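Enquirer: Here's the letter readout for the chains.
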Amino acid sequence: MIKVEHLTRTFGPKTAVDDVSFEVARGEVLGFLGPNGAGKSTTMRMITGYIPPTAGRVAVCGFDVAAQPIEARRRIGYLPESAPSYHDMSVVAFLGFAAEMRGLRAEAKKRAVAKAVETCFLESVLHQSIDTLSKGFRHRTCLAQALIHDPEVLILDEPTDGLDPNQKHEVRSLIRRMGADKAIVFSTHILEEVEAACSRAIIIDRGRIVANGTPAELKARSDRAGAVRLALRGPQAEAAREALAKLPGVARVEIVSDEGGAVAVRAFPDQAQRQAAFAAQLAQAIMSRWSWTIAELHTEEGRLDDVFRAITRPDTAREPAAPAPERVAA
Amino acid sequence: MSARSRVWTVAKRELAAYFDSPVAYVFIVIFLLLAGFFTFTFGAFFDRGEASLGAFFMWMPWLFLFLVPAVGMRLWSEERRSGTMELLLTFPITTWQAIAGKFLASWLFLAIALALTFPVWLTVNVLGDPDNGVIVAGYVGSLLLAGAYLAVSSATSAMTRNQVVSFIVALVVCLALVLVGFPPVTDLLARWAPPWLVEAVAAFSVLTHFEGFQKGVLDSRDVVFFASVIGFALFVTGVVLRGQRAG
Chain A
18 MIKVEHLTRT FGPKTAVDDV SFEVARGEVL GFLGPNGAGK STTMRMITGY IPPTAGRVAV
78 CGFDVAAQPI EARRRIGYLP ESAPSYHDMS VVAFLGFAAE MRGLRAEAKK RAVAKAVETC
138 FLESVLHQSI DTLSKGFRHR TCLAQALIHD PEVLILDEPT DGLDPNQKHE VRSLIRRMGA
198 DKAIVFSTHI LEEVEAACSR AIIIDRGRIV ANGTPAELKA RSDRAGAVRL ALRGPQAEAA
258 REALAKLPGV ARVEIVSDEG GAVAVRAFPD QAQRQAAFAA QLAQAIMSRW SWTIAELHTE
318 EGRLDDVFRA ITRPDTAREP AAPAPERVAA
Chain B
61 MSARSRVWTV AKRELAAYFD SPVAYVFIVI FLLLAGFFTF TFGAFFDRGE ASLGAFFMWM
121 PWLFLFLVPA VGMRLWSEER RSGTMELLLT FPITTWQAIA GKFLASWLFL AIALALTFPV
181 WLTVNVLGDP DNGVIVAGYV GSLLLAGAYL AVSSATSAMT RNQVVSFIVA LVVCLALVLV
241 GFPPVTDLLA RWAPPWLVEA VAAFSVLTHF EGFQKGVLDS RDVVFFASVI GFALFVTGVV
301 LRGQRAG
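Listed in order, the protein sequences are those of chains A and B.
Residue numbering for the first sequence follows the numbering used here, beginning at 18 and increasing consecutively.
Residue numbering for the second sequence follows the numbering used here, beginning at 61 and increasing consecutively.
Okay, chain B solo, but in the shape it has when bound (with noise of 0.2 Å):
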């Protein structure tokens, strides 16, 4: 059997328990929900007279910051409550293909959620004629984002049997990873310290890097920046894991 089907068999149930509980809905519901009173609230969708998505994207940062902790919080906090990570990791697979499986999982649902926000696209569509290219950037930037959070989800679900602390840490690492690149946080850091340090911490944000997307920009850059985030966080899942296992 190969290492890529071994990955598919851990998503393929993680995708479907995701969907045989009422959790996938209700997050789905609320996501659109928010995702649509906050773009057209707060972003003044149709007040600012231009057509495109921009007002959409703006908010992605701040509410995946809430929704996908949420989403990944049971990856293996629920695992190792149910006891069911000592059957999955004596299984023939090594531990990278079922952290790889499970993220994968979650990242599917994650993508199928943003896809069903296109009756936003196509309100653009119908009232406009906007750049189209700029909101493919867009959408690969959100998935991105939503990959990175997921990823810190990842790892502090492995840290505790607990849902609701993997859902707090995570929560606060990704505040962090916002914070460093937000405007009010970098402006009170630029009175004291030198620029090259507030552009360095700053670069550590995941707001600096998505900001190329939501203009139509697709830096490589800013996706290994966030392929880094999402390869470093299931690698310290994988050290979690695999020392915890160790005693």
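This is chain A alone, in the form it adopts within the complex (with noise of 0.2 Å):
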């Protein structure tokens, strides 16, 4: 449904997306990652067709958004960042002109708009000016415009900014619902929200692609993935670490916390044991050594947030002298 293919952008000296390619099918849900000023908007700017690429192309349902731009925005509902809509005019007022927009009339027209307004939940301010309106609702009424001719491929740039985490939850799970049977490209940098809404998930870090795959496979790539977390009544902290790192296939074990009478600690796999069967097996080595209680224990998942902070640089950091080892790309 949508295929970016080498897409590049400067502004002046500035690269800001370096060869972008990724293909979104129908039913995925794609999370778009990054730091901030990582080229996420830039991005999605060029697949509605707003700005040009500087090289490379982008297609949406077959069309090619430089050649048909028509044919393609026709197909596309596109919630920009910041979500701006005319101050002046009433919610059903705006919401009645992007269906009109949307070659929408008549009853097609009042159909559309009711589904919309019922979808974002914005039956109680319909008739209000748009100015007077808070954020959140401000936010909703620009995703309905989005939302308005039922799209094929949905482009939201940040979608659940400036919500509180009630609508922050609702506006998920319509993601979700809706990515069933649509392509949706959607940028955020709440990691948690990937996890939730993301059948597939990209990072991208000042312009390129550094990570694309499930959150569980992105997960995995976290060097806390398949650690094992145990809680532990008996030793002292120090001791159990120490005696904990002597065992086979052990790599490190650090301290988490000790504290209530119970030490918990991570002990990390060597490479070749990353497997389920590393927090039986050192169960069993424990038991078997020691008396100590085993209290909790469980194999971790590894976390988003440290796979994102490890393969991105954040803003503040400054430019390498040297050009950055490549990265792995997943």
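It should be emphasised that the hints constitute simulated quantities derived from the structure, not laboratory data.
Mixed in with the good hints, there may be bad ones.
[Said to hold, decoys possible] According to the in silico footprint, chain B covers these stretches of chain A (three or more CB under 8 Å from chain B): (1) 59 to 70; (2) 90 to 97; (3) 257 to 270.
[Said to hold, decoys possible] Calculated pairs, DSS-like style, for lysine-lysine (alpha carbon to alpha carbon, straight line, at most 27 Å): (4) A:LYS185 / A:LYS152; (5) A:LYS31 / A:LYS20; (6) B:LYS72 / A:LYS126; (7) B:LYS72 / A:LYS127.
Being a predicted model, the structure only gives us computed values, none of them experimental.
Beta carbons: idealized from backbone N, C-alpha and C, even for Gly.
Two chains, two frames, some hints: make the complex.
Expert: Written out as structure tokens, the structure is:
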């Protein structure tokens, strides 16, 4: 449904998006992750045809965005960053305008507006002028505009920005629900959102894709993935750490906490052993050697947060003097 | 959906935006007050002793010089400032359709303002027996003049997100369009420039081409002149909008 090939965009000397390629199929929800200024919005603007790429091409539902912009845009619903809308209009007038721009008239227009209003919970502010609305309502009004023509492709730039936790949850489940029969790309820097709503995620950093995979695959790249977290009663923290570190298959052990009579430690397997059996082996080894009580034991999945921090650079970091070593793309 | 209905959808929203805000009413009241003031005071409407709207149309190029950029300054500046331009230009319409829609809406608004000067027309018809053909030509000319100023304002407003800057630049450009044909200026030029040059420069003035309409002459060359200014300025608007996005 969305095919992005070697997309590049420069602003003067600065390369905002650098040779980005990916595809999104129907039924997929793609989370677009990255630090601020990584090129997320620029990529989305090129997909919707708002700004032309310096190089590369985008096709939406088989239509080239540069060559057949109208056909492509017809199939796209777009929520721009900061969710702009005409503030002097009422919610219902604004949605009516969006519906007309999408070629909907009379009954079809009325039905489309009613449905978008219902989906985005706007009934209570229908006739209010947009400039009197709270940020959450304004955001949802613009989201409703993106959904009004029931598009096949949805491009949502930070759809949950500025919403309260309940609204965030609503929007996430809405995205997941719609994802069943649409192709959706949404950007965010909230990592839990990716786990909650995406079938796939792309991490972009300084214009380049640095990771592309399902949330589970990405989490597996965390060095904590496959580590076993143990809570032990009996040993001293330091003694437990040293003893466990000597067990076969254990690469290293770190102390997580030492409170309330229990020691919590995290044991990392050496690479060869990164598998489910590690937890069982560890438990067996402990029980056969010492008389400690295992109060808690589980294998960690890894955290997206760690992966994100490991492969992207904060925007406060200085540019490296030499080119950074090639990162492994999934 | 046809191109015409897309343009109309944009125009309808734009026109509604004028009347949804107090700007429209403030503008119309000021326009009518000033038009009346210039006609009856400076124009010496009653002292002329003739049944015509000459005194009324004479001031149009000067009155519109300030008022039309005020109407046109927000056309694109506002869209850029509030970010709605990204929304508008990612709807399934071309940039030209958006430009045409917005221009037509504000032109229509000016036409409404102009139509509301009908009491002046009533006055001359009650007091005397004017040539209504001349008056119609005057109105057509005024509308074309407003369109030319407006198209210039559209271009300057596409260049900046600041409405004040847009207003001032539009005013300066429109002033230039007036002055190159303004007698005191052309006289100055005639002192050292050959007559053909003076004439060539004056040919670019709205004053030169507005003159015919005031006399009741509908010359196709004058119509073409105003249409060209409008077309060119709207083309510049499109180039500017495209250039900004291409970066």
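Enquirer: Could you run down the list of hints and mark each one as holding or not?
Expert: Against the structure, the hints:
1. 59 to 70: holds (count 6)
2. 90 to 97: It holds: at least three residues are needed, and the stretch 90 to 97 of chain A offers 5 whose Cβ sits within less than 8 Å of chain B.
3. 257 to 270: violated (count 0)
4. A:LYS185 / A:LYS152: With Cα atoms ~13 Å apart, LYS185 (chain A) and LYS152 (chain A) stay inside 27 Å; holds.
5. A:LYS31 / A:LYS20: With Cα atoms ~24 Å apart, LYS31 (chain A) and LYS20 (chain A) stay inside 27 Å; holds.
6. B:LYS72 / A:LYS126: Judged against 27 Å, a Cα distance of about 16 Å means the pair holds.
7. B:LYS72 / A:LYS127: 18 Å, holds
Consistency note: the structure conflicts with earlier hint 3 alone.
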